[in-house]
Each structure stands twice: as structure tokens, then as C-alpha cells.
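Please build the complete structure, drawing on both the sequences and the hints.
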Amino acid sequence: MDETKSALKIAVLVKHVPDTQFDRHLQGSDHSTDRSESILSELDEYALEAALQVIEAHGGEAAGHRVTAITMGPAAAVNAVKKALQIGAHDGVHLTDDALAGSDASGTSRALAAVVRHLGDVDIVLTGMASTDGETSLVPAQLAELLELPQVTFASSLEIGDDDGAWRLSARRESDNYAETVECSLPAVVSVTDQINEPRYPNFKAIMAAKKKSVCTLSLADIGLDASQVGLEGSWTRVEDAQPRPPRTQGTIITDEGDAGLRLVDFLAEQKLL
Amino acid sequence: MATVLVYIDNPGDSLHKTDRELLTLARILGTPAAAFIGELSPAVAEELGTFGVSSVYQPSTPGLDELLVAGKAAFLSAAASATQAAAILLGNTFEAKEIAARTGIRLASGVITDAVAVSEDFQVTKSVFAGSYTVQATVTSGTPIVTVKANSVEVQPAPEGCVPETHTVDVDVPAAAARITSRIEKAASGRPTLDEAQVVVAGGRGVDGNFGPIEDLADVLGGAVGASRAATDAGWIEHAAQVGQTGKTVSPRLYISAGISGAIQQKSGMQTAKVIVAVNKDADAPVFEIADFGIVGDLSTVLPQATEEIRKRKG
Ligand SMILES: Cc1cc2nc3c(=O)[nH]c(=O)nc-3n(C[C@H](O)[C@H](O)[C@H](O)COP(=O)(O)OP(=O)(O)OC[C@H]3O[C@@H](n4cnc5c(N)ncnc54)[C@H](O)[C@@H]3O)c2cc1C
Chain A
1 MDETKSALKI AVLVKHVPDT QFDRHLQGSD HSTDRSESIL SELDEYALEA ALQVIEAHGG
61 EAAGHRVTAI TMGPAAAVNA VKKALQIGAH DGVHLTDDAL AGSDASGTSR ALAAVVRHLG
121 DVDIVLTGMA STDGETSLVP AQLAELLELP QVTFASSLEI GDDDGAWRLS ARRESDNYAE
181 TVECSLPAVV SVTDQINEPR YPNFKAIMAA KKKSVCTLSL ADIGLDASQV GLEGSWTRVE
241 DAQPRPPRTQ GTIITDEGDA GLRLVDFLAE QKLL
Chain B
275 MATVLVYIDN PGDSLHKTDR ELLTLARILG TPAAAFIGEL SPAVAEELGT FGVSSVYQPS
335 TPGLDELLVA GKAAFLSAAA SATQAAAILL GNTFEAKEIA ARTGIRLASG VITDAVAVSE
395 DFQVTKSVFA GSYTVQATVT SGTPIVTVKA NSVEVQPAPE GCVPETHTVD VDVPAAAARI
455 TSRIEKAASG RPTLDEAQVV VAGGRGVDGN FGPIEDLADV LGGAVGASRA ATDAGWIEHA
515 AQVGQTGKTV SPRLYISAGI SGAIQQKSGM QTAKVIVAVN KDADAPVFEI ADFGIVGDLS
575 TVLPQATEEI RKRKG
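Chains A and B are the protein sequences, given in the same order. The working numbering puts the first residue of the first sequence at 1, with every later residue one more than the last. The working numbering puts the first residue of the second sequence at 275, with every later residue one more than the last.
Hints in this document: simulated from the structure, not taken from any laboratory. You may find that some hints are simply not true.
Straight-line Cα separation of at most 30 Å, DSS-like style, residue types lysine-lysine; simulated pairs [what the hints assert, rightly or not]:
id: 1; chain 1: B; residue 1: Lys555; chain 2: B; residue 2: Lys291
id: 2; chain 1: A; residue 1: Lys211; chain 2: A; residue 2: Lys9
id: 3; chain 1: A; residue 1: Lys272; chain 2: B; residue 2: Lys291
id: 4; chain 1: A; residue 1: Lys272; chain 2: B; residue 2: Lys555
id: 5; chain 1: B; residue 1: Lys548; chain 2: A; residue 2: Lys272
id: 6; chain 1: A; residue 1: Lys212; chain 2: B; residue 2: Lys291
id: 7; chain 1: B; residue 1: Lys460; chain 2: A; residue 2: Lys272
Some chain A residues flagged as far from chain B (calculated, every beta-carbon gap over 10 Å) [what the hints assert, rightly or not]:
id: 8; residue: Ala7
id: 9; residue: Ile39
id: 10; residue: Ala57
id: 11; residue: His58
id: 12; residue: Tyr201
id: 13; residue: Lys205
id: 14; residue: Ala206
What you are looking at is a predicted structure, and each value in this text was computed from that prediction instead of being measured. Just so it is clear, CB atoms sit at the ideal spot from N, CA and C, and this is done for glycine as well.
Structure (C-alpha cells):
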């Protein structure tokens, strides 16, 4: 590693979310998310992998680089951090406080920004492209605004390089209409898509090693936030009502006997879709 | 009536369909005004007038486009303050949602994404968990900021048009922003965009490298082409065509799924379509569980036959 550059400190935000493989539910009078069957959001695995690849490209842990997995949520949310430690994060942080329950994107961003400030000297805040529960993609942009850092979101590739002794980040992004390259200096807030890499699986050795890694538990008081700034009280949006959508039912299924294309057109005509 | 500010990003020579939808909604909810980024051509100015927009706000600083999101959010929040907007509407693209996100922090205002309807008291209807719930949400602090999904509003010009006046808004460009250093435009396909299309024909691994039958059927139906991740990962079609959890969420009137198994991540992007048609060789493919009309068969014969028949009937 270049002597003039400091070791990288990367904070990866990992969310404990209801498993998308099962039916998901809202509960209670505040229509909050039922988190019983929860796992590490699979989209955050891409962020963790990206963090690990970045430091491995620059000498890894031996060079002093560190990847810290951060989550916020009730007691069980620590499982997302533990999974991240098995995959390769070096240590973890769990922000937990009863007052956090029901936080919307703004409340979540405020809390996570306070954790990042509390840690200090974070070079990159890395996140997935969206949580698989809220699916809003608001948090990375809100973190950038709150922390007054450059935002590099929806990166489909990522490179950290040298710029006269300082770290510099370059990323590619793709949208409907264009492919672009963006650059900034560090620190920065970065979110990555599922195009960026193939997340690794923890092996037995890594799972055993993770048991020795530390998870620091923080409360709101530890990070200097008031309960009124988070949770239902500190959120700027509220879910007033929620109705489960009737599940789709199976319609007509036919087997092609040489005329299925014609029968498809008949169906479209009946439905007035032609 | 209170001002409802619509964010319009580089429409080019004419407004996009989603811009017109947002302007229509703004007029239903109040007096529409536009926070406008890009070159305001005379044709677009006139079009804004037909939707009853009498004031168009533009940033004092050029070059906001070269900064990722931060500059545009600084502009939108400045425009919102200048107009004392009662609400702010944006489209539902990833970038628009992020502009909304940062504007929300700047204005201490709540942001609601993925709206399919907004009522006069700014109560917002949206669906969550990939369409398994419909929720009503409200903004409880600041100016409601709502990103609205395409096809949620029927476009309707104002009964009386006007000639918009342009105003400049001072923007403090944030120092901490990522800079866009190169941008390559993709060639336009001539088909409707996935978000806006009323018909989507999507292909998966089952097309085995040949999107021809998918494209032909999409074209006779005036639809867009979509794909599963397996097809985009294979490089058979660009990533922007991906429908699903990490691609586009679409709710067209008709979604035709061909050679796609219907994994949960694919379903989550299309199961709010009005009518779903599935063509798959495997009778046990999960996509049939949600199909209104399913064909167990080979897409490479079924689709061309349907395409041919539609051409014939259309004469
Ligand atoms: C984090 C994450 C995010 C993801 N996001 C998305 C997403 O956004 N969108 C998405 O689509 N997937 C997504 N996936 C992938 C998803 O899990 C599936 O792997 C993918 O959708 C499978 O694509 P497929 O159905 O085309 O391929 P397959 O599962 O291989 O299915 C191909 C189907 O084609 C049928 N077939 C084959 N030949 C023919 C023929 N000639 N005629 C008719 N039928 C034929 C087969 O019977 C089979 O059912 C994601 C996965 C992960 C882990």
C-alpha cells in the first residue's frame, strides 16, 4: 500500500429483513413489518462482497483495512451482522433501541448516519441497492445528504484507486438511456446493484472464525440521538391503512396441440387486449 | 389554490408521457408549477402551458447534470421553498426517487415512493412487498414529496391553457458530490419504455439466445420487451430490460412471459399486471400459478404463430 494513504475503513450496512421466499406480512395498528422469518437482505450481500473485494485489491486486512457490518433493529437483527461476520466482515455494530421500531426511511437514515458519525473516520459507507422489504432505495441518498458526502448509487462496478496519495473512487452506472462513469474522492456513500459481483458463501473455517469477532451494541443514547428523532414518532411518513392484496389465482392452462398461438390470440381478443 | 410542484428532468424536444401524467395530477391537486432541469425548448414551454403551468422554475447554475443527484436535489428544494409548494411530485425512476430522498432531508419532509394514486388531501396509495399489500400512507412532516409510478394517471390537458413565465432559482451547489465523467447514450429502440408500456412481452432462459420471437410479438402488440435475469445475465439482451426485484417493476395491462420459470424475484416485478399470459415448456413452472392464460408449449412455435395471426386479423 502507498505509505501516504490511510488504511480503508468501510462500513457496510446490513439489514435484517423478512425472507422474500415466504409470504410477508404487516402487523398491528401501525402496520409495521412482521420480522419473524428474517434473514440478511440478499441485496446487502453484494455490498459486503464489494467491500471485501475493495480491500483485498489493496492488501486486505494485513494492510490495516477494515470492514465493519452495521445493522439497526430489535435483538434478532444482530443475526444479519453475524452472517456478515461469517462472510468476511471484521467486526460488527448493532444499534438497538425500542424507540427505533417503525422508523421510516428518514428515521432510519438519521439513525444510521449517527452510527457512522459515532464510528468516525469511515471512508466508504456501502449499502445494497435497496432493502428487500421497504424497497424504496431512499436510505443511501438520504445518508449522503445527512453526512454531506458524495453519493455513488447503483454502482455496477467499483474501483478504488490512487489520486496523488489520496483515495479516489470510480464507478460505473447504467440506466435505461445511458452507461456512465462517476468519480469522487473519499469519504463517500456507495450503493451497489446485483450486477457488481457474485457474493461469496461462508465456509466452515470462516463460520468458526466469526465466533471470535466482536459485535458492539449501541443504544440511541450512545450515538447521541433523541428517541423523538426515530421510530414512529420521528418518522415523516405514516402508514394509515393496509389491505392484503388477494393472491392471484391460476387461470386457464392449455397444452399446445399445434394451435396454441391462435388460441392465445382468441384469448387476447376476448380480453380486449388486441 | 396551493402550488403543486412537478419535477421535470431534461425532457428534450417534448414532454415524456410520465411528465404529462404528473402535470395532470398536479392540476387535480392544486396549481401546477414546474421545477425544470435542462433546455426549455419553445415546444416544451408551450406544452407546459397546455397543462396549466404558469410558472416554470430553472436553476441559476448550469452543470447540475454533471453531479450525481446532489445538485438536482439542492435545486428542487430551493424551488420548493421559492414556490412555497404544498406538495412535490416526481416520477418513479431510481434517480427521481433519490432526488426526492435528498430533498426530503433538506426540507424535513416525508417522502413516499411508488405511488399509484394521490388523493386531494395528499393521502397516497401504493403497494408493498412486491404487490402483496396495498397501503395508504401520508406525510406527517413538511411538504409531501411523492414519486408516482407511470400509468397511474390518465393524461388530460387543462381546460384552459396559459403561457408559462420562467423564473430562476438560486442553487447552492453542494461541494461534496460525485462527478459524472463520461456518459454514453444508448440507441433508442423505437418501442415504448418498460415503465410506460401497456403491453410487455418478456423472454427468459427459454429463448435460448434468440429474442426475435419476443420482439416480433411485442411489435405487433405495440409493446415493450422485457427479460428475466437469466436472459440479461447471458447477455442476450441489455440489463435495462430486466423485470423483477432488481430490475423494473411493471404493471402493464398485459404481460406475456415466455420461457421464464417464474422465480419469486421475477414474479415480484410483474405480478401486478392486469392480465398475465405464460408460455413455458414445463407444465410445472411456477409462473403458471399466477397466469390468467397459460400455454404448455414451445415458445419458438407458439409466439410466431400468434404474431402471424395478429398481423392477419389487423389486416
Ligand atoms: C438477489 C437476486 C435478485 C434477482 N433479481 C431478479 C430479477 O430482477 N428478475 C429476474 O427475472 N430474476 C431475478 N433473479 C433470478 C431469479 O431467481 C431466477 O434465477 C431467474 O428469474 C430465472 O430466469 P428464467 O426464468 O429465465 O430461467 P430459468 O429458471 O432457467 O427458466 C427457464 C424456463 O424456460 C422454460 N423453457 C425452456 N425452453 C423453452 C422453450 N423453448 N419454450 C418455452 N419455455 C421454455 C423452462 O421450462 C424454464 O421454466 C434474482 C436472483 C437473486 C438472487
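Results for each hint:
no.: 1; hint: B/Lys555 x B/Lys291; result: violated (37 Å)
no.: 2; hint: A/Lys211 x A/Lys9; result: holds (21 Å)
no.: 3; hint: A/Lys272 x B/Lys291; result: holds (23 Å)
no.: 4; hint: A/Lys272 x B/Lys555; result: holds (26 Å)
no.: 5; hint: B/Lys548 x A/Lys272; result: holds (12 Å)
no.: 6; hint: A/Lys212 x B/Lys291; result: violated (56 Å)
no.: 7; hint: B/Lys460 x A/Lys272; result: violated (34 Å)
no.: 8; hint: Ala7; result: holds (22 Å)
no.: 9; hint: Ile39; result: holds (13 Å)
no.: 10; hint: Ala57; result: holds (20 Å)
no.: 11; hint: His58; result: holds (20 Å)
no.: 12; hint: Tyr201; result: holds (18 Å)
no.: 13; hint: Lys205; result: holds (30 Å)
no.: 14; hint: Ala206; result: holds (26 Å)
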